[in-house]
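Trainee: Sequence:
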Amino acid sequence: MTADVMDQNTGAGEPLAADEIRAMRERIDEIDQAIIDLWLERARLSQTVGKTRMASGGTRLVLSREREIVERFREALGADGAQVALMILRAGRGPL
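144 is the number that the numbering used here gives to position 7 of the sequence shown; each next residue is one higher, with no gaps.
If you're looking for bench data, these hints aren't it; they were derived computationally from the structure.
Don't take each hint at face value.
Between beta-carbon pairs, the in silico distance windows are [unchecked claim]:
#, residue 1, residue 2, range
1, Arg209, Ala160, 30 to 36 Å
2, Glu203, Ile173, 19 to 25 Å
3, Arg190, Asp144, 49 to 55 Å
4, Arg209, Ile168, 18 to 24 Å
Heads up, simulated DMTMM-like pairs for lysine to aspartate or glutamate below, C-alpha to C-alpha not over 25 Å straight-line [stated by the list, open to error]:
#, residue 1, residue 2
5, Lys188, Glu205
6, Lys188, Glu203
7, Lys188, Asp174
8, Lys188, Glu178
For each residue, glycine too, the CB sits at the ideal point set by N, CA and C.
Construct the entire structure; sequences and hints are all you get.
Mentor: Now the structure itself:
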């Protein structure tokens, strides 16, 4: 494969590069599925925590806990981490 003939699926100009890209994309797909599975598990757990807390006479959410989570993600992932944390929190508790 020359630079003039690119692999249509990978955009690579050489067969070995195309093979490497396919292998890395396979791993990316596995990671994506793990993230999705963990996201769903976390959302279910968070919903259960909220229901348990409310059933015991507690509040719908605990803002100090949410701030702690947002900060943990911000520290680990930078500014985008805060946005990720907010989406994760929303998945578990619903919109504010």
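Trainee: Does each hint hold? Answer for all of them.
Mentor: Going through the hints against the structure:
Distance hint for arginine 209 and alanine 160: a CB-CB separation of about 32 Å, consistent with the stated range 30 to 36 Å. Look at glutamate 203 against isoleucine 173: about 22 Å separates their beta carbons, and that is inside 19 to 25 Å. Checked against the given bound of 49 to 55 Å, the beta carbons of arginine 190 and aspartate 144, roughly 53 Å apart, stay inside it. A C-beta distance of roughly 20 Å is found between arginine 209 and isoleucine 168, which places it inside the suggested range of 18 to 24 Å.
With a CA separation close to 20 Å, the supplied pair lysine 188 and glutamate 205 stays within the 25 Å bound. As the CA atoms of lysine 188 and glutamate 203 are separated by approximately 16 Å, the hinted pair is consistent with the 25 Å bound. For the hint linking lysine 188 to aspartate 174, the alpha-carbon distance of about 21 Å falls within 25 Å, and the restraint holds. For the proposed pair lysine 188 and glutamate 178, the alpha carbon gap of about 15 Å is at most 25 Å, so the pair holds.
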